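The listed protein sequences derive, respectively, from chains W and V. With this note's numbering applied, the first sequence covers 1 to 692. With this note's numbering applied, the second sequence covers 1001 to 1692.
These aren't lab readings, by the way, just hints derived from the structure by calculation. On a predicted model such as this, the values are computed, not experimentally measured, just so you know. A few of these clues could be false.
Straight-line C-alpha distance at most 30 Å; calculated DSBU-like pairs for lysine-lysine [to be verified]:
{"#": "1", "chain 1": "V", "residue 1": "Lys1347", "chain 2": "W", "residue 2": "Lys83"}
{"#": "2", "chain 1": "V", "residue 1": "Lys1329", "chain 2": "W", "residue 2": "Lys277"}
{"#": "3", "chain 1": "V", "residue 1": "Lys1347", "chain 2": "W", "residue 2": "Lys329"}
{"#": "4", "chain 1": "V", "residue 1": "Lys1329", "chain 2": "W", "residue 2": "Lys336"}
{"#": "5", "chain 1": "V", "residue 1": "Lys1540", "chain 2": "W", "residue 2": "Lys594"}
{"#": "6", "chain 1": "V", "residue 1": "Lys1257", "chain 2": "W", "residue 2": "Lys336"}
{"#": "7", "chain 1": "V", "residue 1": "Lys1661", "chain 2": "V", "residue 2": "Lys1394"}
{"#": "8", "chain 1": "V", "residue 1": "Lys1215", "chain 2": "W", "residue 2": "Lys262"}
{"#": "9", "chain 1": "W", "residue 1": "Lys185", "chain 2": "W", "residue 2": "Lys148"}
{"#": "10", "chain 1": "V", "residue 1": "Lys1394", "chain 2": "W", "residue 2": "Lys336"}
{"#": "11", "chain 1": "W", "residue 1": "Lys336", "chain 2": "V", "residue 2": "Lys1215"}
{"#": "12", "chain 1": "W", "residue 1": "Lys216", "chain 2": "V", "residue 2": "Lys1263"}
{"#": "13", "chain 1": "V", "residue 1": "Lys1277", "chain 2": "W", "residue 2": "Lys347"}
{"#": "14", "chain 1": "W", "residue 1": "Lys336", "chain 2": "V", "residue 2": "Lys1277"}
{"#": "15", "chain 1": "W", "residue 1": "Lys347", "chain 2": "V", "residue 2": "Lys1098"}
{"#": "16", "chain 1": "W", "residue 1": "Lys263", "chain 2": "W", "residue 2": "Lys336"}
{"#": "17", "chain 1": "W", "residue 1": "Lys215", "chain 2": "V", "residue 2": "Lys1336"}
{"#": "18", "chain 1": "W", "residue 1": "Lys347", "chain 2": "V", "residue 2": "Lys1262"}
{"#": "19", "chain 1": "W", "residue 1": "Lys336", "chain 2": "V", "residue 2": "Lys1216"}
{"#": "20", "chain 1": "V", "residue 1": "Lys1594", "chain 2": "W", "residue 2": "Lys594"}
{"#": "21", "chain 1": "W", "residue 1": "Lys263", "chain 2": "W", "residue 2": "Lys400"}
{"#": "22", "chain 1": "W", "residue 1": "Lys329", "chain 2": "V", "residue 2": "Lys1394"}
{"#": "23", "chain 1": "V", "residue 1": "Lys1277", "chain 2": "W", "residue 2": "Lys329"}
{"#": "24", "chain 1": "W", "residue 1": "Lys540", "chain 2": "V", "residue 2": "Lys1263"}
{"#": "25", "chain 1": "W", "residue 1": "Lys215", "chain 2": "W", "residue 2": "Lys263"}
{"#": "26", "chain 1": "W", "residue 1": "Lys347", "chain 2": "V", "residue 2": "Lys1540"}
{"#": "27", "chain 1": "W", "residue 1": "Lys347", "chain 2": "V", "residue 2": "Lys1594"}
{"#": "28", "chain 1": "W", "residue 1": "Lys277", "chain 2": "V", "residue 2": "Lys1336"}
{"#": "29", "chain 1": "W", "residue 1": "Lys347", "chain 2": "V", "residue 2": "Lys1394"}
Protein chains: 2
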Amino acid sequence: MMIRRYDYGSPIFTHAIAIPQPVCTDEMPRFTVEKNGESVSFRVQMDEDDQIFGLGESVRGMNKRGHRYRAWCSDDFSHTEDKASLYASHNLVIFSGKSGVFGLYVDDPGAVTFDLGYTRGDEAVITSENGNCSAYYIEADSLIGAVKEFRHIIGRSYLPPKWGLGYIQSRWGYTTEEDLREVAKNHRERHIPIDMLSMDIDYMEDFKDFTWDAKKFPDLKAMIADFKADNLRVVPIIDAGVKLCPGDPTYDEGVEKGYFVKKEDGSTFVGAVWPGKAVFPDFMRDEVRQWFGDKYHGMLEAGVEAFWNDMNEPAIFYSEEGLEDAYAKADEMRGKNIGVYDYFALKDAFTGMSNSMADYTRFYHDVDGQRIRHDKMHNLYGAMMTKAGAQGMKSFNPDKRHLLFSRASFIGAHRDGGVWQGDNFSWWSHILLNMRELAGMNMCGFLYTGADLGGFGQNTTEDLLQRWLQLGVFTPLMRNHAALGTRDQEIYRFRNWEQMRDTLTVRYALIPFLYSELVKAAMKDDMLFRPLAFDYPADKRACRVEDQIMLAGSCMLAPVYEQNARGRYVYLPEDMLMIRFRSAEDYDCIPMTKGDHWIDLAMNEFPLFVKKGQVIPLAKGAECVAQVDAVKLTLLGWLEHGTAFTLYDDDGESTAIDLDKGLTLVDVQVKDGDITAKAEGIALDTSRIILG
Amino acid sequence: MMIRRYDYGSPIFTHAIAIPQPVCTDEMPRFTVEKNGESVSFRVQMDEDDQIFGLGESVRGMNKRGHRYRAWCSDDFSHTEDKASLYASHNLVIFSGKSGVFGLYVDDPGAVTFDLGYTRGDEAVITSENGNCSAYYIEADSLIGAVKEFRHIIGRSYLPPKWGLGYIQSRWGYTTEEDLREVAKNHRERHIPIDMLSMDIDYMEDFKDFTWDAKKFPDLKAMIADFKADNLRVVPIIDAGVKLCPGDPTYDEGVEKGYFVKKEDGSTFVGAVWPGKAVFPDFMRDEVRQWFGDKYHGMLEAGVEAFWNDMNEPAIFYSEEGLEDAYAKADEMRGKNIGVYDYFALKDAFTGMSNSMADYTRFYHDVDGQRIRHDKMHNLYGAMMTKAGAQGMKSFNPDKRHLLFSRASFIGAHRDGGVWQGDNFSWWSHILLNMRELAGMNMCGFLYTGADLGGFGQNTTEDLLQRWLQLGVFTPLMRNHAALGTRDQEIYRFRNWEQMRDTLTVRYALIPFLYSELVKAAMKDDMLFRPLAFDYPADKRACRVEDQIMLAGSCMLAPVYEQNARGRYVYLPEDMLMIRFRSAEDYDCIPMTKGDHWIDLAMNEFPLFVKKGQVIPLAKGAECVAQVDAVKLTLLGWLEHGTAFTLYDDDGESTAIDLDKGLTLVDVQVKDGDITAKAEGIALDTSRIILG
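Hey, can you work out the whole structure from these sequences and the hints?
So, in structure tokens, the structure goes:
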């Protein structure tokens, strides 16, 4: 077990590493280091069956081999399998195979490419394009060992309050207080569990950060209080770009203090986002983060307890300069009989101006008095906005955990907040992507994560939403979110809403278990979700499973992700109990032996597999987290002998988390065919445990 | 068994139906017919487990339930699962479930939507948007019965010459004679089997139809003759749009004769495609098809024997009118501080002008003296271009089968040529799409079909190409094709090219079998590829299999379509022999029992399943179709008793196909553990047959 740091060029401090490592000057093991102009590359040969894990939020399999990725935080909603970049940059890769387990973390906030068997199937080449980076070589006895080692040096993962595990209903398009109240009512009336309503850009006044439209929300404070009384919280969005709007305090203060990023000539950079022309806080600076974080206090004072940070790659729809270039192109073409290549160039001038490299090279950050061009540290921007928000929330309420999740991220931000998996689509393939990203993101420290259930872009269908919720039941961040212009996708909109409600009851019944496992994973630098390769490294079949995932130490998930399917194949690397859920009260417990199985799963059924010899606790369903009864639990499992596990619980919100204090031992004894279980302060029902 | 025709509005004659049916005046069975303004809808309730098949070339599963499709031939390369429309319009749906098997074919060349359990999960609504259509209600005892009944009235499917089953190497970017010779040489030198080189737009002079660039191809005739001597044929592309180019004979003749589509004011419609400004032959007119078809003669005289028709949805990148509107939008926005919604509108003005409804409503067709606006019969345009090409090739060489395949299609075109599955991407998910579309297209009569192996757009990888070729081995049209700007994807470019070559040897060894089954399928209105639901309707599991497909009457395919996989699950609806191919000479024969199996498949291995009790013939590998030895065959199968099958063969090119004459009975006898097999004129090796 070791981590060795090697520096190249002039590394930029990223906050990723929490425990600084000494710089090594010997040769990096295994990798050939090559310098080409500015860039520095790390090359390694691979055996035919070697696998690669990591890269957090990224497309394709959990085994990342066979594609070329590029760390470059991108506002790109079309997560097709060709994409090199999504919203996040998580520069960790871990190799596993014939010659053992080793990994590389490239701490570089600029672009880093990962050619993982793309150019040559038998070779991986990782390149820091600017050549300024700290590269951490990792070696371990196991995949999970490598992850824990890495997670140790990047510091403890963010933990949300317990109510952060509640179901969130969201939509770009909830415009008024009435909209929110209507959504809340429709859930509560039907007893569809829910804890939060998230508010997209519609709530703001002209898309100005830290404002709300007083016409649409005449008494925000009262609304929030009403919701709170009903165990509901609102989660407003905060965008990275600040509207260019003299008179708006955020804008005015930022201008006055010189807090917005500037161009080479010292003038403020202007790019357009939702508010039209906007300016961008230089989150790389301590004092700017402090200031921006403090801006959250206004809404916190109104009773808001949770936020999501968006558009923080940063997304830039266009700049004046980009627009001028496009107009110039149009002038050039006008009146000419333009051929298709000219026409494509014209079209590209108008489409290519969004999130363009031209804009990302137009402005600069101040880093400890040094001026660094944005593109050299682009991938850090969102993470630093998250840090700002986290600081602001912490300073407002130092003793309580804050709820915050972000779109863009960089390793380091895993200490400050959660991450949702960005603007996905209502595609069946995105159920699987959702699941696979859980594993990658857990490796990189992001535990509070999940995808937009039902899909953000495009139109959902009732079967898609139903199957997706069946995975969402297990993801710490559980949000149904959809884009403006797409089909309504609140559960109650659909013919089969009762089945979906029943699915949600399972989520709430699992909260004592999920909360316990989430906290333990964070405190122990562990993963909540692991590829099977991590738990069964000697099992060749298990190592290549891409549509199942381990949950905590005891369970395995195998979601249905195919339209019109009524079941699926599942590979059990050991004997397991299948709990086939229909609701928190209605489920089958079926012992299954190690090996391959087809399992029937009606539209309203979904499985959770529990390793033989282990038990998990299930509460009764509830309509909000606060009402989950964590002291009356049913144990589910398949046992030959006694077993035991620890269950963590606490007040759900204090920042002082003490594992030793919060853990309760659940002791299950089997004697002469009788099962008894004991845990201090918890009433346990063992009647569903299967012996054999 | 019955087909009943119902007419609504003023149906436009589409050539789809080859055997005219009488018009019924009673109520259509099962469907509720609703008129709303212009449109006419057909509504039917569905049971929870009912399935829907059909729709030919379209996204998602073979079971089409759960999505909203729209028949609208579209030049859209991004075949994501949300897409309602691809290049073709194949308006057949067949329902199968509790209340039996029935279907609907909407013979309407305008837009038709198929809401198949999208708006409501338990309801299908099919809508002719213009309300002018003949709707054919189909009822049958079985899915295959419904297909055969429908296929009977739409007429016999196109059959290519036998060499059309050869491997085609293609690329947008083979610019010169040297390029083609180089590609040919690289295949032949390495003994990679190949029969054709297809030529994309690069070969033309300024993208003018029926020209070739004399600088790049100084002696086309000699080149073609050289290739022919090496058993290679070239397949030039023909585009629908004719360059607006006074002096070019195609343009001049068309203008003189008034053959191009016109706007309302009688002026010729001008839209831009590859050549820049272009005009569009009115393929709806007999005399225009005759004229355009005759234009193929020039290249046929130079020795060309095969063509592909492209851009015939028709694709229109922009029109002058569309461009002016976009410029006007730019003028309107210029200088203003535009908000994001304005900005989106500006961007849309430039991106939305391609294949726009605005352009499709700008021009008209002459149909029997009647002027019909293009959008009312849009979906017929490509089919009529195919008809033109087919007529031209037939008139040049009436006794020989022609090789022609098209991008856009409508039912009816299945009699005139093949169809490739359009501009797909180098995505793993497109292997599966490729397979599923085979089934849908076969239902609609298109037998000579296949997808661009390795993927057209985006960059391929060696593993993707390898796995895709393993499916392509079985598709009648077998072409490796890639777009300009993407990675080179000829087999010989890759480290593991020898494995891919070995894969191709299996294709050639299977040609006697595939050719026989293709011809039989066409002559008997049968499908070459069928969903398992068609062959095992009583097997609930089989009915929902979406990643396996039946091939002919005896076989089943189960391709690997997952990156980094080393095997896959397969469901056997009955006992089958797995032939696990590595090459035509190297394969395992493994008897497997009915049920679920995991099968190991190394990167160079792929399975073909043969039903127990049946045998299939395998020739030796060959480097071109002409060299396939069809009279020395090895029989593969798993037998308890004797069996027999018929093998069709002929000269491979004459148009007079006589099943009775061409069929040879292969009689396999099993007696006392000995196997003997006889077939007139064929030497049979039975040593690989497994008894038991």
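Consistency of the hints with the structure:
1. V/Lys1347 x W/Lys83: holds, 22 Å
2. V/Lys1329 x W/Lys277: holds, 19 Å
3. V/Lys1347 x W/Lys329: holds, 14 Å
4. V/Lys1329 x W/Lys336: holds, 18 Å
5. V/Lys1540 x W/Lys594: Holds, at roughly 25 Å.
6. V/Lys1257 x W/Lys336: holds, 28 Å
7. V/Lys1661 x V/Lys1394: Roughly 23 Å separates the two Cα atoms, so the pair holds.
8. V/Lys1215 x W/Lys262: violated, 53 Å
9. W/Lys185 x W/Lys148: violated, 44 Å
10. V/Lys1394 x W/Lys336: The hint is violated at about 41 Å.
11. W/Lys336 x V/Lys1215: Holds, at about 27 Å.
12. W/Lys216 x V/Lys1263: Measuring from Cα to Cα gives roughly 49 Å; hence the hint is violated.
13. V/Lys1277 x W/Lys347: holds, 16 Å
14. W/Lys336 x V/Lys1277: This hinted pair holds, its Cα atoms lying about 11 Å apart.
15. W/Lys347 x V/Lys1098: violated, 51 Å
16. W/Lys263 x W/Lys336: Cα-Cα ~35 Å, so violated.
17. W/Lys215 x V/Lys1336: holds, 27 Å
18. W/Lys347 x V/Lys1262: Holds, at about 26 Å.
19. W/Lys336 x V/Lys1216: Given pair W/Lys336, V/Lys1216 holds - Cα atoms ~28 Å apart, limit 30 Å.
20. V/Lys1594 x W/Lys594: It holds: about 21 Å lies between the C-alpha atoms, which stays within 30 Å.
21. W/Lys263 x W/Lys400: violated, 39 Å
22. W/Lys329 x V/Lys1394: Since the Cα atoms of W/Lys329 and V/Lys1394 sit roughly 48 Å apart, the hinted pair is violated (cutoff 30 Å).
23. V/Lys1277 x W/Lys329: Within the cut-off at roughly 19 Å; holds.
24. W/Lys540 x V/Lys1263: Distance ~65 Å between W/Lys540 and V/Lys1263 Cα, so the pair is violated.
25. W/Lys215 x W/Lys263: violated, 37 Å
26. W/Lys347 x V/Lys1540: violated, 50 Å
27. W/Lys347 x V/Lys1594: violated, 55 Å
28. W/Lys277 x V/Lys1336: holds, 11 Å
29. W/Lys347 x V/Lys1394: Cα-Cα ~41 Å, so violated.
Going down the numbered hints, you'll see the structure goes against 8, 9, 10, 12, 15, 16, 21, 22, 24, 25, 26, 27 and 29, while the others check out.
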